[in-house]
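All chains, full assembly: derive it from the sequences and hints.
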Amino acid sequence: MKTYKQLFSELSELKRSALIPFFVIGDPDFETSLRIVKTSIDAGADVLELGIPFSDPIADGPTIQKADIRARNCGMNIQKAMEFVRKVKDYRDIPIGLLMYYNLIYQYGTEKFFKDCYQAGVNSVLVADLSIDDADEITSPAAKAGLDTVFMVTPNTDPKRMKLIASKTTGFIYTVSVLGVTGSREKLSDTIEGLVGKLKKLTDVPVCVGFGISKPEHAAAVASAGADGVIIGSKIVGLIESNLGNKEKMLAEISTFLGDVKVALEHQSN
Amino acid sequence: MKYKGRFGDYGGFYVPEVLMAVLEELEEAFYRFYEDERFVSELAKLSKDYAGRPSPLYHAKRFSEYVGFKVYLKREDLLHGGAHKVNNTLGQGLLAKYMGKNKLIAETGAGQHGLATAMIGALFGMETKIFMGVIDIERQSVNVHKMKLCGAEVIPIEGGTGTLKDAINDALRYWTAHVTDTFYLFGSACGPHPYPTIVKHFQSCIGKEARQQCLDQIGKLPDMVVACVGGGSNAIGIFSGFMDDKDVKLIGVEAGGRSLSSGKHAATLVAGKVGILHGAKSYLLQDKEGQVHETESISAGLDYPAVGPEHCLLKDTGRAEYVAAEDSDVLDAFELLSKTEGILPALESSHALAFLCSQKGKLDSDTIAVVNLSGRGDKDVSIVEERRPLEN
Numbered sequence: 001m002k003t004y005k006q007l008f009s010e011l012s013e014l015k016r017s018a019l020i021p022f023f024v025i026g027d028p029d030f031e032t033s034l035r036i037v038k039t040s041i042d043a044g045a046d047v048l049e050l051g052i053p054f055s056d057p058i059a060d061g062p063t064i065q066k067a068d069i070r071a072r073n074c075g076m077n078i079q080k081a082m083e084f085v086r087k088v089k090d091y092r093d094i095p096i097g098l099l100m101y102y103n104l105i106y107q108y109g110t111e112k113f114f115k116d117c118y119q120a121g122v123n124s125v126l127v128a129d130l131s132i133d134d135a136d137e138i139t140s141p142a143a144k145a146g147l148d149t150v151f152m153v154t155p156n157t158d159p160k161r162m163k164l165i166a167s168k169t170t171g172f173i174y175t176v177s178v179l180g181v182t183g184s185r186e187k188l189s190d191t192i193e194g195l196v197g198k199l200k201k202l203t204d205v206p207v208c209v210g211f212g213i214s215k216p217e218h219a220a221a222v223a224s225a226g227a228d229g230v231i232i233g234s235k236i237v238g239l240i241e242s243n244l245g246n247k248e249k250m251l252a253e254i255s256t257f258l259g260d261v262k263v264a265l266e267h268q269s270n
Numbered sequence: 001m002k003y004k005g006r007f008g009d010y011g012g013f014y015v016p017e018v019l020m021a022v023l024e025e026l027e028e029a030f031y032r033f034y035e036d037e038r039f040v041s042e043l044a045k046l047s048k049d050y051a052g053r054p055s056p057l058y059h060a061k062r063f064s065e066y067v068g069f070k071v072y073l074k075r076e077d078l079l080h081g082g083a084h085k086v087n088n089t090l091g092q093g094l095l096a097k098y099m100g101k102n103k104l105i106a107e108t109g110a111g112q113h114g115l116a117t118a119m120i121g122a123l124f125g126m127e128t129k130i131f132m133g134v135i136d137i138e139r140q141s142v143n144v145h146k147m148k149l150c151g152a153e154v155i156p157i158e159g160g161t162g163t164l165k166d167a168i169n170d171a172l173r174y175w176t177a178h179v180t181d182t183f184y185l186f187g188s189a190c191g192p193h194p195y196p197t198i199v200k201h202f203q204s205c206i207g208k209e210a211r212q213q214c215l216d217q218i219g220k221l222p223d224m225v226v227a228c229v230g231g232g233s234n235a236i237g238i239f240s241g242f243m244d245d246k247d248v249k250l251i252g253v254e255a256g257g258r259s260l261s262s263g264k265h266a267a268t269l270v271a272g273k274v275g276i277l278h279g280a281k282s283y284l285l286q287d288k289e290g291q292v293h294e295t296e297s298i299s300a301g302l303d304y305p306a307v308g309p310e311h312c313l314l315k316d317t318g319r320a321e322y323v324a325a326e327d328s329d330v331l332d333a334f335e336l337l338s339k340t341e342g343i344l345p346a347l348e349s350s351h352a353l354a355f356l357c358s359q360k361g362k363l364d365s366d367t368i369a370v371v372n373l374s375g376r377g378d379k380d381v382s383i384v385e386e387r388r389p390l391e392n
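Chain order of the listed sequences is L and C.
This note's numbering puts the first residue of the first sequence at 1, with every later residue one more than the last.
This note's numbering puts the first residue of the second sequence at 1, with every later residue one more than the last.
Bear in mind the hints are in silico, worked out from the structure with no lab data behind them.
Remember, predicted model here, so these are calculated numbers, not experimental data.
Hints should not be assumed to be uniformly reliable.
Computed from the model, here is a short list of chain L residues facing chain C with C-beta under 10 Å [stated by the list, open to error]:
#1 Leu-14
#2 Pro-57
#3 Ile-58
#4 Asp-60
#5 Arg-72
#6 Tyr-108
#7 Ser-131
#8 Asn-156
#9 Pro-159
#10 Val-181
Okay, derived cross-link-like pairs now, BS3-like style, lysine-lysine, Cα gap no bigger than 25 Å in a straight line [as the list claims (entries may be wrong)]:
#11 C/Lys-273 / L/Lys-80
#12 L/Lys-168 / C/Lys-4
#13 C/Lys-273 / L/Lys-115
#14 L/Lys-80 / L/Lys-2
#15 L/Lys-163 / C/Lys-2
#16 C/Lys-288 / L/Lys-66
#17 C/Lys-249 / L/Lys-115
#18 L/Lys-80 / C/Lys-288
#19 L/Lys-168 / C/Lys-2
#20 C/Lys-362 / C/Lys-61
#21 L/Lys-112 / C/Lys-273
#22 C/Lys-273 / C/Lys-249
#23 L/Lys-66 / C/Lys-129
#24 C/Lys-315 / C/Lys-249
#25 C/Lys-4 / L/Lys-160
#26 C/Lys-4 / L/Lys-163
#27 L/Lys-201 / L/Lys-5
#28 L/Lys-112 / C/Lys-288
#29 L/Lys-160 / C/Lys-273
Glycine residues also receive a C-beta, built at the ideal position from the N, C-alpha and C atoms.
Have a look at this one:
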């Protein structure tokens, strides 16, 4: 199974940032969701961030809330998500990070959850509502199962805390570019360059940036600021939402958009 | 964070990283000011002159006659705004002022906390936004209008079931994007640390007063203290005064909705399972996969699938007992207090009264029960009218 370490060192030799699309597993249904993910791999995705839908996603804006509802309406749950991950891994050995809320893991049973994740081929699990202070509730079962850790840093995380977060991260740091929830934004936050710079000085752990990145030029700007990866969620989830009646068009638009971002990233050697 | 904010294993701060800095700031400010002389005296003055504290303890003799034992009502319904909520909004509002924040946001279910926040926004000249589910806006339209009259903006939340849970989701999302200048005035003794501690602190005046009033008026402590529990702020407020009086039974009454067996209720402590929602570990109404259930109750203020973490601990240790009252019994209790005492209780508080009615004939006549009459029922008249039309 390809690790983050292998991937980021490959990309670093190529002087390229990773393209990391985010999807909610099962949005709008299991089969279409799988086709979407395969399309994104063909379009150049280097890592996948996949969400498991929750009833109360407090870190997510309207676009991903709606995706969660679509996925839940077709019965998505942890077992089915594991089956989904296995199918993606059969298609391509690509690192996969899950992004989800703590209660689902807690009810499933933390140890069993991480064991099942590893067996399915998951590389890491980012728990949106578990801060670094309580991270020990998951870090030891995750490490025991063989998973990497991914934690968030936000523009209001102080440097001392950044160091603590970096010290507990073995995968990559998910850097949130803005104060706020997930969602496409017209303009890229002007604090992001400074934030990435600060993190790169503090740690050797790869730094990826997400939230609000919705254009190829945003991705290029984030890469040139030194980010090791660019995470794009709401923008492409929005392409699913606006093309629910025409799946071929949906896949084509996602493919074109990710292709454009890929080109922008390739031209931006860092 | 300086403290863990745990009650046993319950509570904590299960929030996205972006909220950690602002919760730390809030914790620091609370512990800096809550015993500060100037803060305490300013709050005491406002509690008296603006809110109307102390609230009376009233021996409801005709209601007592009906149930067959002595019932005393802690009259939080007489406070400004018509509910205990003002104790907390004054305290947190003043804290916001001391912290130099000039914008308030709050969630509301029944509209009582929203109204109490809107009042304080007007009092301190702060821009106020109230997040409220669309279903609750419909069933509590009078309170919505009152909030607007106080100058607050009421933001309708369409998501989920359009009730309190969804209002909290969106208030948290809004806060995430406006942490620098906005104070989130949380309404119940739940949510992430430090809110359960802060809300309990500002509501503990209820229990302190009630205990002293019992000693002064009855000459002894009551046998039981009864309060309704949604998130649990009025209950923890009155319980806190009697916590060390081991002979005083503490009873929390949750919303039994249509019935427990129908699944259409909000009786979190009675029927829930431990989980994590809105920043805290607590009992939670959820399916086996951890998706949070939609709740149902005649009272918007109790229509919530989680509960304050300290109540969870009190349940586990047995210090407090939690039961549920169904909608139809709640309506009976509402009508009974109105008829026997001329006091219209809030449907939330009517849950506590319904428990007393269920004890009719089961308790000695010299039993003394203190009930937290946490709010008045004017806001609920149209709901009662619809469910129990009068004959003439």
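So which hints don't hold here, by number, going up? 1, 9, 17 and 29
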